[in-house]
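Turn these sequences into a full structure, and let the hints guide you.
If you're matching them up, the sequences are chains A, B and C in order. In terms of this note's numbering, the first sequence opens at residue 22 and continues consecutively. In terms of this note's numbering, the second sequence opens at residue 305 and continues consecutively. In terms of this note's numbering, the third sequence opens at residue 2 and continues consecutively.
Read the hints as simulated data drawn from the structure, not as lab findings. Check before you lean on any hint, since a few could be wrong.
[To be verified] Okay, derived cross-link-like pairs now, DSS-like style, lysine-lysine, Cα gap no bigger than 27 Å in a straight line:
1) Lys-74(C) x Lys-79(A)
2) Lys-618(B) x Lys-297(A)
3) Lys-177(A) x Lys-872(B)
4) Lys-619(B) x Lys-295(A)
5) Lys-309(B) x Lys-353(B)
6) Lys-353(B) x Lys-717(B)
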Amino acid sequence: MRTYDVTVIGGGPAGLAAALSAHGEGAKTLLVEREARLGGILKQCIHDGFGLVRFQEKLTGPEYAQRFILRFQQAGISCAVQTFVTRAERAGEGFDVTLVNRDGVGTIRTKTLVLATGCRERTAKQVSIHGTRPAGVFTAGTAQHFTNLLGQLPTKKCVILGSGDIGLIMARRLTLEGAQVLGVYEAKPTPSGLTRNIHQCLHDYGIPLYLSHTVTRVLGAGRLTAVEVAQVDGSMRPIPGTEEVVECDGLILSVGLIPENELAQSLGVELDPKTKGPVCDGQLMTSVDGVFSCGNALHVNDLVDYVSESGELAGRNAARYAAAPRRTVPIRPSPALLYAVPQRLDLDRDNSETALYFRSREVLDGCVLRVRADGREVFSKRYPFLRPPEIERLNVDFSRFGLHEGSEIELDIEVTEHG
Amino acid sequence: MDMGKVNKKLSARFGGAVRAELRDGSVVLSGKLDRWADVVEACQLAAVKYSRVHVVNDITCAEAKAQPMRLPDLRDSVLEGARPDALIIGGGISGASIARELSKWKLDILLVDKEPDLALHASGRNDGEVHPGVDLGKGSLKHRYIRRGNAMYDEVCRELDVPFRRVGQYVCFDKGWLRPFIALYCLWRRYHDGISDTRIISGAELRRREPALSRDFKFAVSNPSSGCVCPYGLTIAYGENAVQNGAKVSLDTAVLSMEVEDGEIKSVATNRGTVYPALVINAAGVFAEEVARMAGDRFYSIHPRRGTNSILDKKAGASFSSIASVMEAARTRGRSKGGGILHTVHDNLLAGPDAVETWEKENTETHPESITHVFSKQQRTMPALSQGDIITYFTGVRAPTFEEDFIIEKGRKIHNLIHCAGIQSPGLTTAPAVALDIEKMAVEELRKRGRTVERNESFNPIRKGPPVLRDLPDGERAALIRENPDYGVIVCRCEEVSRGEILDALRSPICVPTVDGVKKRVRPGMGRCQGGFCSPLVAQIIAEFLDVPLEDVKKSSSQSDITFGRTK
Amino acid sequence: MDELVCIVCPRGCTLSAEREGDTIRVTGNGCKRGAEFARMELTAPKRTLCTTVRTTIPGVPVLPVKVSAEIPKEKIFPVMAAINAATVDRPVAMGGVVLENVLGLGVDVVAASALLDG
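And the structure:
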């Protein structure tokens, strides 16, 4: 049986970064990728804007991925593409991972696992869209796959539900390819995607954005012929009497992403109901010793730069991992936060430069993030505004706060009068 | 039957708007009503449950706009002049199982269905429960077939290589004082139905077996002979076995009209040519009444009743392993058993169905109210049941008669016609047994007409489905991959379906080269991402297999374009 | 006064731009690039363009491409048309030129993916 120090599952931006950093630490590393080509979802994200933080350049998704793929190949890291993990289970100090590919079924043993399994899109049925089941209902990612990888036009005239970034990007992309995008409908009163995407993808092309609106019904027997849209109330329920039928041949959904953690769950990894990703410490180790998480499997990111960063962190710490009893303290976000990552700190690790990610629950202007340790404020940062679609990242030196067993860290956002 | 009494009741309820008369052994209702609900009520007033005297609905209804049967686009003449011994109309569980049983004989069998695949109506849109046979009146055909059908499942599913699990069913009660009455009922059932395995179990025992069920339940009736099966999987398997044994299946083939002379069907016109069958078997589900009308043998009516089921993530499926429902105190007249919770053979959880009367035979739209209704009821059965775990939902339309019983008999006026109509719950359970009886009736009828009917010596009851690699031990899986490396390329990550299995589906005896056709056979796209990741890949594999451009691959019907061609 | 949203980086600052004679005064920008963006946006707005080009290479129906520098906003659809009229029939490495000086704009269309590398 082949053995590795670190096995990274998933060859997208998080997994590539994790494998590179684990290898850089001298760990014997294996990367397992389900598809034939490395790069993950970046392969189909042909728009630019990737890498601004890391490279101070606007790269397309494939270009960004290629920078890592080249380094990965030059480093000579072991890699199994078109290989699927069917099982991972604890075996002694490490894990046995069962792999299926064209060569058959094999098992490798690894000291640690880095789960970089990405996320999937929420589907029509998960947002309670009813009516018929015609062709022409796509998640934005599926429409993107058809358009950008297969060169096929998935719709000529469509409605987009959800103002998530992929939906906005696809509104522009389909318009460029000659399709008519009738509008983007968003059930929330505020957009879900980045403001710049509202401007450069919708405003630039005269595509209307209907806030507090949703698609309630799909019509058509073979191919979609129309959708019914309606206004929604404060709790996002359709308001009777506001229904309107919009004729179109496509419905594109950009209604949220869900971290893929089925493998993590099979290993007994505890998930955070808020992020839907594993509960991790500052080293991105999950509740199961030796299992690390990063990228969109950890929480849904809006910048690939942060995905790579979390991959590097997870890979590095997986390489350095040594079994030891853990003493952890929780990081608890107040209800003003949608979530915060990491969810806890390991007192026996270096917490002097912890990358803390958080999202606010609502659109807030002029506010302060306050970090309290055992009730006393130890850190604060002012923000001119916070928006749920835009993740905030900061480095916090938790080592200075005198944390001990039984400590608790609380995060809160306070709105100030004059931000 | 006393028409005076019936008319008195009708007139008390609807004034003079509806009248009943006895015509050719059926109670024919005529008149005019505004609402479909009233039409159903009027017919139910006139109907006697399980009677062989059927209500025929000729009431004009303002609300129920005439909806012509949806027809395939296809027009050709591949069937022109065919002279099958038996023409089976309808490729649901009834038609497919009849075709398979008839293929034991040296007969020219032709099964037609207007849809692009088998099991696209009620047979593919139900909960897949194999019922134990509760609450069926003695003397009804449902009662006659259910024990036989249920008992046949192990063997049939083994022969056809279809997963079937006898997981048992629990009817749960939250009122402890009912227990003595229900105990009596179980005794009576043993005597009346010959079912000896029905037991009462305590609330504690129920929760020991199924910890996720409500703590409010004081006791439950346990029916260990209940099971679950994949209903479209079984239908397709029956169809494939029929084809392997010489039957022909013609999809996208709608019966348009019939030529009838001297009590005989002479010819049947379809969109693919006119055929001249010796015998016609009407297994047309919600359209059985239309087929009977074409043949001039319409002695019953179908009143469509839709039901919606939800499929939940496998994670929810892990919390429960059988079938359960809460017993409701009040039950609506003329309705089949209400919804329940079921652990499917594919390890999902299923919740539903509800039951709503409708005049629309082909409207399978879903409505949020159906889901809410089912969940609010079934959360009493399993408090942790959550709409958040839903991965998909679907509606099916049942095809009951007003007598709420099956019609399994020869034509009353037409001699070369056999009806297998009014099939609704528990029609999936009874199908294997009904098919055997129809086989006998058909052979007898053909012999009567001077046709020599001989055994098909080469009949093979065994149908081997494609291997399901995710269920195989690693060694066997590896061996298969060695033979065919495509089995090692996973295309659908949620259901772990390989490229090899998708190609198997495309090479199967009834090839349906569409995304849905492949999905029904080997499950890519059935999982939690609902084809988000794999549908472009599956479409590509189909395009390569057929050697056509990608835009020619359809989701299901010929109108269901997935893409509109190259962007450039 | 014009209100704009800066699209230079994901911060998406809200900018106010006021013309004062020949100069444009920008406020609300988080960095220099924001001010520059606002001035361009009011005088000669430019955008980048990312799309695909058809190829005849088996297994690669389309190749991602982008413009080597921003182009005038109103030229987006004309450039799209020029790219859609082109076909790649031999491997072009990432960064390689697919269309030189497209529509005489002084900008090339280049491969933005390593699909056809090596």
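Cross-check of the supplied hints:
no. : hint                    : verdict
1   : Lys-74(C) x Lys-79(A)   : 18 Å, holds
2   : Lys-618(B) x Lys-297(A) : 16 Å, holds
3   : Lys-177(A) x Lys-872(B) : 13 Å, holds
4   : Lys-619(B) x Lys-295(A) : 18 Å, holds
5   : Lys-309(B) x Lys-353(B) : 16 Å, holds
6   : Lys-353(B) x Lys-717(B) : 23 Å, holds
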